[in-house]
Amino acid sequence: MIDGAVAEEIKGVVGEDNIISSHAGLYTYGFDASIHHSMPDIVARVHNVEEVSKIVRLAYEHSIPVIARGSGTALSGQSVPIEGGIVLDMTPMKRIKEIRVEDLYCTVEPGIIYGKLNEELAKKNFFFPPSPGSGDVCTVGGMVATNASGMRAIKYGATRDYVLGMEVVMPDGSIAHFGTRTIKNSSGYQLEKLMVGSEGTLGIITEITFRIIPLPEHRAISIASFDSLEKAGQGISNIIASGLLPSALEIMDSVCITAVNKSMGIGLPECEALILAEVDGEEEVIKRDIKLIADICKESGAGNIEFTYDKDRMADLWRGRKGVLPSLSRYGEDMVSVSLADDMSVPISKIPVAIKKFQEIAKKNGILIGTYGHAGDGNLHTKVLINPTAEGSWRHAENAVDEIYRVVISLGGTVSGEHGIGISKAPWMQIERKDSLAVMKEIKKAIDPKNIMNPGKMMQWHGSIISYLRYPENERNESS
Amino acid sequence: MSEMNHLKKIQHEIMCCTGCGYCKKACPTFDMGGTEADSGRGKIFLAYGLLSGEIEEDTSVIQTLQKCTLCGRCEQDCPSLVKISDIIHAARKDLHGVLPAHQKIMDSIAKYGNPFGMESESRKNEQRGVEAENTEIAYFAGCMENYMEKGLKRAALSIFEKLGVDVAVIDNECCGNPVEIIGRENKQLSKIEKKLDDMAIKKIIFSCPSCMQSFLPLNKKFEIMHISQFLAGMDLNLKDAGMKLIYHDSSVLGRKLGIYEEPRKLLEMAGGFIEFKQHEELAQCCGGDLAFSAAFPDTAGKMAERIVEEAREKNATIVTASPHCYHHLKKYGDVIDIVEVVDRFL
Ligand SMILES: Cc1cc2nc3c(=O)[nH]c(=O)nc-3n(C[C@H](O)[C@H](O)[C@H](O)COP(=O)(O)OP(=O)(O)OC[C@H]3O[C@@H](n4cnc5c(N)ncnc54)[C@H](O)[C@@H]3O)c2cc1C
Ligand code: SF4
Ligand code: SF4
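In order, the protein sequence lines correspond to chains A and B. Quick note, this note's numbering runs 276 ahead of the 1-based positions in the first sequence. Quick note, this note's numbering runs 987 ahead of the 1-based positions in the second sequence.
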């Protein structure tokens, strides 16, 4: 609980209308898109850097946790305030300060929604490419803090690759500027990159300068159906090895295909696995490349292959792809999808073996796993489907998650390719990064000596991840 | 603490919500308020809390769960197909408390048979239709048409007269829709049903989609239809309206009752019409629901202004097919209801 006088001071900074302190309001700010939940003591909706700085200074003086929050779409509990404290709702800070296509950058506040920023950039034929599946609802601040990326990472990289500079409110309330507005910069430590993926544990980002690039003129998509996941995985490896650089290269297994067709009516071909490949660029080039990709898929054992240049069909296919994660919730009658083990990355050639192992693990633990992902960059998504109210289901899920991550690490992969660590992946990040953990802890201690910035997450997490569950009481007891 | 029986019944539906937040994309109350609690997701989270017993009812919980028009727009964006408005409605049913504005509506319906606190005599209209025993068709005039927007009732009855359709007018009881929306037991419908049972009525026509929605439980017994459906099924010939019309889909008529085509068919007859950027399933709610606008007038006002603004930019008059939308939008801009269009240009 925070002191009443401190709460009054916070109210004085942002005004009563921007404070959330009611029971219902605080409860709803205790969630993100993960399995976790914990309530903050107070929420302040902030509008500018001065407000952020004043509140953080107060928090520093009184040693109160501060958790930055964008849209709360993080999947691993990053935005859940497990030690209570102050949640800073960054969404009112949504101004685009500058778009300078002649200098290839834009400067924005962190609360702007990714899709909205791209709508504005598109008017000038430019874009900011990372394209997370949640792009229509997540903020760019959240993207920076988790180093988000998406289907186009194979060609365009992740958020990290577009961050040129930023303004940050440090844990003591001071305001610092990291990086530059120039495309190149070798001027000292790249602190702006340190903030990428920091998940709110090092400071509050209040302004970001992103590199932007011209929108490609044309796109085309091909979908190839396979009668086994292994063949589809091999198809992916063959496309990569051919030297082609698609703008997206996705894989989906039959569980995901059925789920999307069932809940969204997109009409994906029903098969064991499919590859969805997108190419972009000049018209002649995309025509040539999409044909080459189709040929490689055929040689890799694809059955049916469809390709399209039609904008509406392409938009539909992407909508289907982006809807995989939530539509898996409708797969079974009493099973729902829970955010666990959702975005590991392995070396591209290891995809077929990884997928096979995941299926074995699922079977052994009596759970269902849907696999899909940005296979072109080795990033796989698995979705654990359980009945959250059935006895033992969380324990089985945790066992499966543990086995999955151990496979991933043994294949030379990483436990998170894009969604970040938070709580739900912390134990395995600690295994994967065991020899850099000490450095991470030192950095955290040096920058945030009072440990007020989103405490308890990543390298600070201890114990089972089946904690702070958002699901009703009966299951929670079972896991403890 | 309440047993949360209604929420328990749809527990699986609640669990299906992955918390992805896609339902924030076009939710009008979230657009206006911007906090988690203003969104569909926030309200589902509250349902989690009530179910798990982690939170207990207080004014803020009631306020949050009532601050939703149940328009269903969010459901169009939910990839998990969660019946968001059903969950919110179920949660309301499990609440004990009521907002003061809602208590007033409920008291008024109980005392006067209408939500406006008006003496029932004041609803009287010069046109009364025919005696009930001489027809199988009834026109149900809701409270909005009886008390606040009498012109709409007049227009509806004038249409029936011009077309030579004998209708019995049922206009002496509130359908109870606001009570249902608030989450309390609607005792009105059984009262009306008893009266209808004494008549020879087979078909009931509504100009108010909310009244029609209240009658859904009786749809095995009676054929129930919106007046736009009835009229679109007739061989009408409308004169050119000579004005630019833009059709506003009522959330109840559209997303809840699935009626999109018939009002459009009528408007096409009147010389064509234009669409809002977001229409049919994606149409924006105007905030005109009685219970919602009574409790949250500012938000409801902003929602209406958005719609009026787009119509103004397009230089068009808004056509509604719901007296609630009509009554609400008219405070902000030019509006005509579909019954007025048909009556005027028949
Ligand atoms: C359906 C779905 C699909 C998804 N698809 C993808 C995908 O394809 N790729 C991907 O990478 N991710 C994906 N995600 C995960 C998530 O959407 C991203 O991580 C997103 O970038 C989070 O943004 P947000 O605004 O919701 O941040 P939040 O969830 O609010 O916050 C995330 C983290 O960032 C911190 N943070 C937020 N704003 C600031 C700030 N201004 N300063 C400092 N720290 C801050 C928070 O403290 C927290 O630790 C998906 C999520 C869902 C639900
Ligand atoms: S029903 Fe309408 S107002 Fe209610 S949460 Fe959904 S979109 Fe928002
Ligand atoms: S869109 Fe559906 S699944 Fe996603 S948060 Fe909203 S209700 Fe839940």
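Simulated from the structure, these hints should not be mistaken for laboratory data. Here the structure is a predicted model, which is why all the values come from computation and not from measurement. Don't take each hint at face value.
[Claimed, not checked] Only pairs whose alpha carbons sit at most 27 Å apart, straight line, appear in this in silico DSS-like list of lysine-lysine: (1) B/1231 - A/370; (2) A/538 - B/1178; (3) B/1149 - B/1231; (4) B/1252 - B/1264; (5) B/1231 - A/392; (6) B/1301 - A/400; (7) B/1264 - A/392; (8) B/995 - A/538; (9) A/392 - B/1091; (10) A/400 - B/1012; (11) B/1318 - B/1231; (12) B/1252 - A/538; (13) B/1012 - A/373; (14) B/1208 - A/587.
[Claimed, not checked] FRET-style restraints, in silico, Cβ to Cβ: (15) B/1245 - A/452: 49 to 57 Å; (16) B/1090 - A/377: 50 to 58 Å; (17) A/398 - B/1210: 43 to 51 Å; (18) B/1090 - A/287: 26 to 34 Å.
Glycine included, each C-beta is placed from N, C-alpha and C at the ideal position.
Hint check results:
no.: 1; hint: B/1231 - A/370; in the structure: violated, 36 Å
no.: 2; hint: A/538 - B/1178; in the structure: violated, 42 Å
no.: 3; hint: B/1149 - B/1231; in the structure: holds, 25 Å
no.: 4; hint: B/1252 - B/1264; in the structure: holds, 19 Å
no.: 5; hint: B/1231 - A/392; in the structure: violated, 31 Å
no.: 6; hint: B/1301 - A/400; in the structure: holds, 25 Å
no.: 7; hint: B/1264 - A/392; in the structure: holds, 17 Å
no.: 8; hint: B/995 - A/538; in the structure: holds, 25 Å
no.: 9; hint: A/392 - B/1091; in the structure: violated, 41 Å
no.: 10; hint: A/400 - B/1012; in the structure: holds, 24 Å
no.: 11; hint: B/1318 - B/1231; in the structure: holds, 20 Å
no.: 12; hint: B/1252 - A/538; in the structure: violated, 32 Å
no.: 13; hint: B/1012 - A/373; in the structure: holds, 23 Å
no.: 14; hint: B/1208 - A/587; in the structure: violated, 47 Å
no.: 15; hint: B/1245 - A/452: 49 to 57 Å; in the structure: holds, 56 Å
no.: 16; hint: B/1090 - A/377: 50 to 58 Å; in the structure: holds, 57 Å
no.: 17; hint: A/398 - B/1210: 43 to 51 Å; in the structure: holds, 49 Å
no.: 18; hint: B/1090 - A/287: 26 to 34 Å; in the structure: holds, 30 Å
Hint violations for this structure: numbers 1, 2, 5, 9, 12, 14, all remaining hints satisfied.
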